[in-house]
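All chains should be modelled from the sequences, with the hints used to inform the complete structure.
Each chain is listed here by its residues.
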Amino acid sequence: MNDEKKLAMLEELMELDEGTLKPETELADIDEYNSMAKLSLIVMMSDEFGKKLTNDQIKSFKTVHDIMDYMA
Amino acid sequence: MSVEVIRKADPYVFLSKIEPDVTKKREILEHQAGIHLLQEAMSLIGLSFSDYIIMYTEYGKPYFVKKNESQDIWVPHFSISHCKEYAACAISKREIGCDIERIKRIPDILNREINKVSRIVDRQRYDSEIAYRTCLWTVYEAIGKCNGRGIPLKKEEYSNDDWADLYWKIHDEFILSIVKQKL
Chain A
1 MNDEKKLAML EELMELDEGT LKPETELADI DEYNSMAKLS LIVMMSDEFG
51 KKLTNDQIKS FKTVHDIMDY MA
Chain B
1001 MSVEVIRKAD PYVFLSKIEP DVTKKREILE HQAGIHLLQE AMSLIGLSFS
1051 DYIIMYTEYG KPYFVKKNES QDIWVPHFSI SHCKEYAACA ISKREIGCDI
1101 ERIKRIPDIL NREINKVSRI VDRQRYDSEI AYRTCLWTVY EAIGKCNGRG
1151 IPLKKEEYSN DDWADLYWKI HDEFILSIVK QKL
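Chains as they are written, first to last, in the numbering used here: chain A, 1 to 72; chain B, 1001 to 1183.
Among these hints, one or two may not hold up.
[As the list claims (entries may be wrong)] In silico BS3-like cross-links for lysine-lysine, where the CA-CA straight-line distance does not exceed 27 Å: (1) A:Lys52 to B:Lys1116; (2) B:Lys1025 to B:Lys1084; (3) B:Lys1093 to B:Lys1154; (4) A:Lys6 to A:Lys52; (5) A:Lys62 to B:Lys1154; (6) B:Lys1116 to A:Lys59; (7) B:Lys1155 to A:Lys59; (8) B:Lys1061 to A:Lys59; (9) B:Lys1024 to A:Lys59; (10) B:Lys1025 to B:Lys1104; (11) A:Lys5 to A:Lys52; (12) B:Lys1155 to B:Lys1093.
[To be verified] Listed below are several chain B residues computed to face chain A (Cβ distance under 7 Å; list not exhaustive): (13) Arg1026; (14) Pro1107; (15) Ile1109; (16) Pro1152.
Don't read these hints as lab results, they were simulated from the structure.
Every residue gets a Cβ at the ideal spot worked out from N, C-alpha and C, and that includes glycine.
Following this line, the structure appears as C-alpha cells:
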C-alpha cells in the first residue's frame, strides 16, 4: 500500500478533509485524533492489516508517519 | 466558573461550560477546565481538594489519596470527561466513570465495539439512532474509565453485571453517561 492510500485511510478514520494530513504532522496537533479515532485505528489495524495494536503502541506514536510505518 | 449540578446524590455529577481561549491549546484548556470543575464540585459536596493528592495507576487512571493519612475524611472516587464545549465530573464512594460527548455520527467501524454495551442502554429512550449510538459510545468509554484500564474493553469488562445505577442525561445536544461499580 502506498503512502497516499495510507494517508487517505487515516483522514477518513479521523473524518478529516482529503489532503489535511502529512506524514510529518504531529498527532498532538490533530484535534480529531481523540479516543474515538484511536479505537477506530485499533479496529482498522485488526480488520485491514491483521495487526493487534496495543494502547502502549498508540502512546508511542508521535507523528502520522509513525502510524503509516505500522501500517506497512 | 459556573457549575451546573446534574445530580445531588452519589454519584454526584457536575457540568461546566468551557469558555474558548485561543491562547491555549484545546487539550490543555479542556484538562484545566476538568480539574477546575473537580475542585468546585468537591467544595459543593463538602470536600476540600487540597486535602488530597492525585495519584495515577499504572494504566494512567487518576485517583485520590489523603494528604494526611490520619485525617478523618472519606476518599472520593472521581471521573472527569470533557468535550469541546463542556467539562463534566462525577464523584462517588465507589469506582466511577463518566463520559460526555456531543451527539454525532459514530463511525461504522466501531459498530462491533459499541454494540458490546448495547444490552445496557435502553434504545427506547432515544428518538434517533444517532443519539442512541452516541450513548453507546459514551457508556463504552465510561466503562473503560470506571474499570481503569481504558478501551478497547475486554469481554469480562462488559459482559458481567457489575455495572449498576447507570443513567444518562441529554443536555441539549450532548449525552453524559455515568457508570458506577456495584457494591
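Hint check:
1. A:Lys52 to B:Lys1116: holds (19 Å)
2. B:Lys1025 to B:Lys1084: Distance ~11 Å between lysine 1025 of chain B and lysine 1084 of chain B Cα, so the pair holds.
3. B:Lys1093 to B:Lys1154: holds (25 Å)
4. A:Lys6 to A:Lys52: holds (17 Å)
5. A:Lys62 to B:Lys1154: holds (26 Å)
6. B:Lys1116 to A:Lys59: holds (24 Å)
7. B:Lys1155 to A:Lys59: holds (23 Å)
8. B:Lys1061 to A:Lys59: holds (15 Å)
9. B:Lys1024 to A:Lys59: holds (22 Å)
10. B:Lys1025 to B:Lys1104: Distance ~23 Å between lysine 1025 of chain B and lysine 1104 of chain B Cα, so the pair holds.
11. A:Lys5 to A:Lys52: holds (20 Å)
12. B:Lys1155 to B:Lys1093: Since the Cα atoms of lysine 1155 of chain B and lysine 1093 of chain B sit roughly 25 Å apart, the hinted pair holds (cutoff 27 Å).
13. Arg1026: holds (6 Å)
14. Pro1107: This interface hint holds because 6 Å falls under the 7 Å limit.
15. Ile1109: The hint holds - isoleucine 1109 of chain B has a Cβ within 7 Å of chain A, the shortest such distance being about 5 Å.
16. Pro1152: With a closest approach of 6 Å, the proline 1152 of chain B hint holds.
Violated hints are absent here; each numbered hint is respected by the structure.
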